[in-house]
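Here is how the chains run, residue by residue.
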Amino acid sequence: MRTFWHILRKRKMRIVGVVLLLMFVFMAIFGPIIYPHQPAIHPNEIYLPPSWHHLLGTDYAGRNILPQIVLGARNVLFVAALAALFTVGIGTLIGLAAGYLGPIVDSILMRFTDMVLTIPSIVLILILAITIGMSNDVIMAGILSFAGWGGMARAIRSMVLSIRERSFVEVSQGLGMSRTYVIVKEILPNLLPYIVVHLMLALTGAVYGEVGLFFLGVVPFKADNWGVMLNFATGGSGAMYSTRSLMFLISPILAIVLLQTGIVLCTDVVNELVDPRLRNTVGGYQANGRRRQRRTSVGRISVGGRVRSSSN
Amino acid sequence: MINGKDSILRRIAALSSVGVLTGSMSIIFGLGGTASAQSTAPTLAYAGGWATNGIVNPQPQANGNIVQTGIAYVPLAIYKYTGNYDYWPVLAKSWRLSDNGNELTVYLNPKAKWSNGTPVTANDVYVTFELQFMVQNAQSWGLTGMKVVNQHTIVFYKNPKYLYSPVFLEQQILNNNNILPAADFSQFIPKNFWSVVHAASGNPKASTTKAALADLEKWSLKMEGYNFRSPQNLIYDGPWSFSRTSSAEQLYIKNPYFVFAKNITANSVLAINQTTNDVAWRGLENGQLAYAAVAYSPPVYSAVMSVHDNHYVAAPQSTGMSIMFNESDYPYNLVQVRQALAYLINRHDARKVGEPIGSVSVKIPDGMTQEANDQWLTPAQRASLNPYNYNPAKATALLKSVGFKKTSKGWIMPNGKPFEITLYAENYSDWDAGLQEIASQLNSFGIKTQEDFMDPTEYYSTTDGVGTGRFPVATRWWGGWNPEPFYTYNQAFITDDQNFTVNNSGQLVRGPKPYVVDAPTSISVPGLGVIHPQELTIQLETNIPLSVEKEDVYKLARTYDYWLPAIDVWNQEAGRTYSTQNWTWPNFQNNPALLNQFTYQTPFVVYQILGLMHPKG
Amino acid sequence: MKLIRRIAVSLVLIFVVSSITFFLVRLMPGNPYSVMYHKLVMQGMTPLQAEDQVKGIMNAMPNEPVFVQYIQWLTQLVHGNLGTSIEETGVPVTELIFNALPWTLVTVSIGLFVSFLIGIVLGVISASRRDTWVSSVIDNVGSIAHAIPVYVTAVALLYLFNVVWHVFPSSGAYGIMETPGLNWPFLASFAYHIVLPEGTYILAGFGSWELAMKSTTIMVMNDDFMMAARIRGLTRQRIMNYLGWNSILPLFTLFMLSLGTMFGGSVFIESTYAFPGIGNLLATAVTTRDYPVMEGCFMLTTATIIFANVLADFLYAVLDPRITM
Amino acid sequence: MIQVINVSKSFLVKTTSSHAASGRIVQAVRDVSLSWNKGEFFAIVGESGCGKTTLGRLLAGHLLPTGGEIQYNGVSMSTTKRPHHRHLARLVQLIPQDPYAALNPVRKIRGLMRDPITYHRIANNRQADELAENLLQMVGLSAKDVIGKYPHQLSGGQRQRLVIARALTVEPQYLIADEAVSMVDVSLRIGIMDSLKEISRQRQLGLLFITHDFRVARYIAQGGSIAVMYLGQIVEQGPTEEILGAPLHPYTQSLISAVPILEGVEARNQTVVPSRYEISTQNLAQGCSFANRCPFADQLCKNKAPSLLPSTSPHHLVACHHAEPRELVVDVAEPAS
Amino acid sequence: MRYFGQDNLYDMSYDQQRRLFWEKVAMVFQAAQNTLNPLLRIRQQILDIAQDHDIDFQQAMNSAKQLCEIMYLDSERVLNAYPHELSGGMKQRVSIALALLLNPSLVVLDEPTTALDVISQASVLRILNDVRKSHNLSLIFITHDISVISEIVDRIIVMYAGRIVETGPVRDVILHPRHPYTQGLLASIPPLRGNLSRTRALRGQPADLLHLPHGCAFHERCPRAFSRCRQEAPRLLTDDHGQTGVACHLYASDSGENVL
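Going down the list, the protein sequences come from chains A, B, C, D and E. Residue numbers for the first sequence follow the numbering used here, beginning at 9 and rising by one. Residue numbers for the second sequence follow the numbering used here, beginning at 91 and rising by one. Residue numbers for the third sequence follow the numbering used here, beginning at 78 and rising by one. Residue numbers for the fourth sequence follow the numbering used here, beginning at 9 and rising by one. Residue numbers for the fifth sequence follow the numbering used here, beginning at 7 and rising by one.
Here chain A stands alone, though its shape is the one from the complex (with noise of 0.2 Å):
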């Protein structure tokens, strides 16, 4: 916990950050607690602005913003996060599969990947939606997590090709433990920095992906999503075009803004926890394995006794 306070305060922005990010948690778990439903229509208040009754204002049905977002944040976020598990869950496997099974199921599976990630991933999102449909949150998820997990079982695949040949691996081996016993205690602890890390990205991208299948309008309507907001407020009620309407129009947009502004700055506090090296670093052993000497590390050599400051 001091670690976390430590981090966190050595840059202002990833305060701003985790708060972003937890507000949005806070209104995906609490969401429906404090609006048990979908806000009502109203004919007669249609695009009121924003007041302390609608704090957002209301949208073309006379429905007040503010629990929209709020609501949509639960189906945005619960979503995402599962495509983001699925993701890395994907590719963390496959990679490992690939990286540690040999050379046969490494190119069957890598050529596989190869093809997944020469397709554009939101085409290739856009056709399995439509084809296979979106019935379900879990279907879903996991047709977004095409998004990324070729990306993230290449490079897993890579980081364990390295780890293999690092001889701890070798002497894990020697030593006579077992091939899960190597995966499971061996590499994985030293991927896990990287599939945290990968995970909040791989958030990013799953709620882009989500949020854009709704605003193109081709995956079965949701009501609350900040996606169908967006749609709506761009076509069918062109809330662009007047500044009465415009709350309609900037409310999602600030919402998906300040989420992922919110996971990008969580992404460093996260990045910084899970990767003790990047905190405080005994002798000069980094990640990829190799040492570099510390340039900075003694600031004063003394010489014949004279002490002179060194520097390029």
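Wrong hints could be hidden among the right ones.
[As the list claims (entries may be wrong)] No more than 30 Å apart at the CA atoms, straight line, and that leaves these computed lysine-lysine pairs for DSS-like: (1) D:K157 with A:K18; (2) B:K640 with A:K230; (3) A:K230 with B:K538; (4) D:K46 with D:K205; (5) D:K157 with A:K193; (6) B:K453 with B:K640; (7) A:K193 with D:K312; (8) B:K499 with A:K230; (9) A:K193 with D:K152; (10) D:K116 with A:K18; (11) B:K507 with B:K496.
Calculated from the structure, these hints are not laboratory results. Please read these numbers as outputs of a predicted model, since none were measured by experiment.
Once you have looked at the hints, place chains B, C, D and E on chain A.
Okay, now just chains B, C, D and E, sitting in the frame of chain A:
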């Protein structure tokens, strides 16, 4: 910079010159057409969709250009839609229907010319309708043949066995088909064309007939949308001829040989591709557009109307949002349930959020628009129809009468299951809010209602979906698209296909398509007795006196109003926005006929042909 | 030789991807082929007609076994026939795509190039001012710009520069009065029309380049040869040159991913700006479920990206002496 | 006893191209035979790339030979399906060159030490910690100081000792140390070597030390034997003092003569520096692989490969057509204390 | 820091500094394979140096070729090669040749042979010895292995924990090391021949530069440390010429006077 032969920069420069960028640029440059001289103002800019329409009417050309038929081509005459079967002549000078209604002689205007200066002749008309024979449209109108009398005269022959009103044929020939150049299209007519057409109408069981039908089918397939491409470099008989296109805009320049060229005051027409509504909104807000037919949300409407010179005029339109039922699906097969639902829907509120601009809520759900009601029914008749004003008490009574029970959890059907409704709508429907409002109205009454969405592919065949039971309840555009009651009741009681089919003996028959609403052939309407809606509907299109026709319409309206094959919620208006910044527009108050919907022509084209628009300044 | 091999591998890859598109659409529940066939039959066509029609649209017969369909479809594919569009009735898919593809290629390439340039400049600045507020601002802006969905940027730019200020056009690729070709009026009009789409591409794209450039620059800065170059008394300019090229080269491997991202972004950007490119075509095809066009777009974007990758690899091999092609 | 019988090992080396999976085959070990007894101290000397590390990994069972076989106490393990055979593991332990890389950086010492013990059921969980502490003590580490730390929190020497202690957890009979002191500060090397020797002597382990440094080889294999490798082959092998005192192979001679000497303390060597061609592991011509660098090579050497045969004494083997002692040593001066 | 009587290095402008470097002072690094720009041919790198130091291309190429001859390098092949096409020993020799390109007066060699094989090391050392004589160079040779340099250098400075602990003519220091650290270092080199029993380990760990012990940095490892060593860091005491010196309390009187 790195010097010497190994300069990486130099290598990069050399390689990027053969890179993707250059390659694709050259492809773009390769696309370029030939430039032609630009005419100067006045240009009339408007926003519209670029959909190709109909069969045979010019499809995308072989070079990919899409010509908008309504601007570059005109029919023989333009239907006035006053309800009196009146036309404004265009390419035709006059026409005469024989007394028995089986021969239509059309006299062409000798001044009618193609854009290359050659005259529009009877042969052009002949080829145009040959193409309609080829895709087997003409046969369905009962047309049997044509005869070119002279360069300006052509006679159409109708099968005397076809009993329906000859005005229908008149409409198809005069208004519904743009005249195409024989020079460009006669190449598609096979040599043995007429012998095959005649053979195909022979005894259905004869092998010659079958062979001919097979040939005809082959031709028709070749000429139909998916396969047919118009030739390049067409000539035009409309007021403007196609000049050039980009993906966002199209330019048409004045056709100096057009028959009413002196009436045409716009030297060119700039068409903005209205892929989505906001394209038109932006154009109108910027004051760039002289005309647009576009839907609005209230803030956009007020933003556009706050621009000086922008005006909005609404024309009645015979279509709207309705909730339709699969009449064989329990409980919607019960008329009481449908009536109860009609009592429970506050149509006014639903319209207000569903389609706030460009619609009117339905006063009497009898299938017709308010205008049609006024025109066809007497005040007394109108008063005898049930307006189904919001009335939960009546709904409760009706539901209880068929064994429904209200419990703390809501309404329970006699079989013990809760009464739940799923309203299917198009994905991302504009009407979403309206449907949600209806759902919340029903929910507050105790009927658990939710909105759900269909796949776009399903939406295009919603009526099929309702017919086959895929959707017990669905919402869709509903209406005849025509003020004449026949079209409405044809859809409600016979088929949803606007082009009804006629069999060889001239009877309107059920097409292969299932009915939207499986309406019974006889319905016992309280206070009116047993009604045979299908017979009555067919009768509307046959030669009957107007008084009988009006009585039939009343009976059908009463039947619809009682039976409720669909609950009409709101009717749409054909909203048009025009700008008086550069043009004077006709006075619509003095001439309401001008507001009516024209089939293939964008309204301003008609005003131009009629000489009703003038440039300002 | 390896280039030829690489191209051969790419061709195989394209073949596999296209086969997947075939089976993807066909083997899914609600197979659009049979749906369309039954629909046409219901609309009054004879089974023979409907079959013909479906074959024209989709390049294969719905009633045949899948394998036979696949062979038919492949034969047509080899002849460059991808079927016809359902929405734009009768227009061959290849025509639609070849009209759209160049616009996307040009805008995506420009976007890629400019965002790459901006990214590397910012990356070098950020790396050289490491641990100062400058680098922290640049990094945060870069990573947030990278994370903000491209459609949000597109909508925001459209709102500001078109709706509010009327500065740039909102749709199309050039003005109707211009003749596409190598003439100044057209190029000017084209440039004017692509400002907003390019702006969006760049805003969405530069962040990842910036971050990647920063990390490679820092890595190269720590490399021994950089210190050696300083000790050898080379001019600052030359040292920057060494630094620059050595940091940029590793980024070439990112081209593969970024191209895919850019093409993916084009779906949103082009549909927001009604730009006549492949992304817009695909978005429209997807919303209207125009399966043949979808298949075609999918295959062609993939093929384009595969070949762009071969090109990038080739470039990389030419630029980096350590790599042999 | 471990017997190596005509063992060869070749690798497919990938070229640097980013995509193509092409490569060339490199023969790292060619037709090597030797035997090694429990309690015997053995050193393998050679330049980098001569295959000495590969030989070590083969012996430790980390790699499977592509030809020949290795017998452990008379049992051939070459037929086992996969490397790292479990029984082998407990028999032979390899101590790799780089202690930084040999320890998983994200795991604490306690786990690193305990896992092999519990995995092989050498002791139960409670005893495992005790055993680990004893082993750490044995290699000169204070268990209390290190057990809760991560490897990166230790110094280089501590890490190397830790690696040795970890190798001992599975109670091996043979230890292979691959350049085990080259990454360690000069002042610590002797200490670590002493520990290794001490432990091996106590536990009657066979100790195989792989090095490029004759000084180290001599220090370890004092009283044992030394084998000199060149391009995957053993060119000379024999008792330590014989190899150093009277090398017979020109390569051994040039290696020994290339060892820098302490000016004034040790005698200057008569240098036999081979000609300046670069070492190449590919395209081995027929004949002696050293022929193209050898100052004494003649036509015979270029045509016929010599085999490793006993020479001056039955235990001193050499593979050279012109094996003869050449004068290298002058005298030894003692350093002042 | 002043070189050859010029201004203080740290007061110089970048341009002055870079002129001083390589024209007067050159350097050879430990990991020579990493000190060459991987993207440029050796020829180009030589030309870059030449151009930045205003040397004519042709002249630079000529001297480069000459240096290649001295280094036993095939100049045709090496100059046209990219760094990755050369072996480690060749790269090391190339980087020595680069250091000599501008005829500097002083070459600093930082562990130039550590990454090399024994035989390559011997040949590089021999070349260095030859070049030193033929070019009249000053060499500063930094290494952890005393035996490597004992044949080449004249004077030796032994450092421990950032400080000089002993200095003197190489023969004197090796035969008669004074500082316990030097003694320990020499004792930890196993002799190639003769008695091994004198080889002893230095105890303890090298000093952690971040947490230097109080007093003499070596006292924790020193077999001869006494109480003063724990309290006070010894100064480097030199003889009259400044050529020989040691920093150890064993050789200092209580007053800090030189007892040598």
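Hints that the structure is at odds with (numbers, increasing): 2, 7
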